[in-house]
Amino acid sequence: MKKVLLLIIICLISKFVYAQFPPAPQILDKKLCVDTAYIELLYSFKFKNLAGQKDFTEDIRKIQIGNHIVKDFSQIVFHYDSLATERTKKGLQTQNIPTQTYPCELYSDVENHLRKEKYRLMLNAGVLCYDSQWITPEWQFIPDDTIRLSNYLCNKAQINYAGRNYTAWYALDYPISYGPFKFWGLPGLIIKIEEESGLFIWELYKMNKVHSPIYKYKYDKEQNCTERSAKRTIDKMMSSPMSFLQSVGTKMMVRRSDGSFGAPSQNNQQEVYQPIELK
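Residues in the sequence shown are numbered from 0 upward in steps of one, following numbering that gives the first Met the number 0.
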């Protein structure tokens, strides 16, 4: 892998600075249409995936629902990919993704109960491509417990999914059984779903009937791997970002508070990563 020199100018190194390296945008010139969406959902996804993190990171997730494929991806990442694609065509420099997201795309084959994921690593470290386990949700329905959210009359259900407990609010008036992330199987559209400790929250804010292609893109530096291997790599990256970047050939220099430059401090590099899926 090509060695890259990355100069990070930091005056005061905060606890979470090492985690603030969004992936580089990709060029959208290699794509395959895998289905046609008839519904598109937009969810706000707020999450805290580092222990002690005070403020939520917020992503915008678009879910495209077709007859065969459901695609879940970051609308923010896609926006900057699109900008990079247009700027590259014009011979202009691309713009970095300025904010943290959940940089994972999920392609769920609803007929065959198969799922493929593409997870983007920090900066230009690559894209992990792997098949992930399909889990049939076992929902517990809470009768006579309703609430109105964003003008939707919602019923309540609960679930333990991949080691975490969630409460979901769903609208029977919209019989759409596929929602954000890997949540499906409810008799109505998920309006809100929240992890019990408040670390992960999805909230619907827009729904459109459409007739639009669902594309699967091929990215630069894709790496095929197993789900287990991907989780180990992501855990290493999130827990020790500087060590991870150095391990993939990125040379780091930091400007310290006294104005001098040097190698990153080994202190405060270890973070406690809190993944969505614990098992």
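Among the clues, some could well be false.
Said to hold, decoys possible - Taking lysine-lysine and the BS3-like style, the derived pairs with C-alpha atoms no more than 27 Å apart in a straight line are:
(1) K29 to K61
(2) K115 to K53
(3) K205 to K89
(4) K30 to K215
(5) K155 to K30
To be verified - Estimated spans, in silico, between C-beta atoms of each pair:
(6) K208 to G51: 23 to 31 Å
(7) C224 to Q74: 35 to 43 Å
(8) T166 to E221: 17 to 25 Å
If you are wondering where the hints come from, they were derived from the structure by calculation, not from laboratory data. Think of the CB as a built atom: it goes at the ideal place given N, C-alpha and C, for glycine as much as any other residue.
For each hint, the structure was consulted:
| no. | hint | verdict |
| --- | --- | --- |
| 1 | K29 to K61 | holds (20 Å) |
| 2 | K115 to K53 | violated (32 Å) |
| 3 | K205 to K89 | violated (33 Å) |
| 4 | K30 to K215 | holds (6 Å) |
| 5 | K155 to K30 | violated (39 Å) |
| 6 | K208 to G51: 23 to 31 Å | violated (42 Å) |
| 7 | C224 to Q74: 35 to 43 Å | violated (26 Å) |
| 8 | T166 to E221: 17 to 25 Å | violated (36 Å) |
Violated hints, in rising order: 2, 3, 5, 6, 7 and 8; the structure is consistent with all others.
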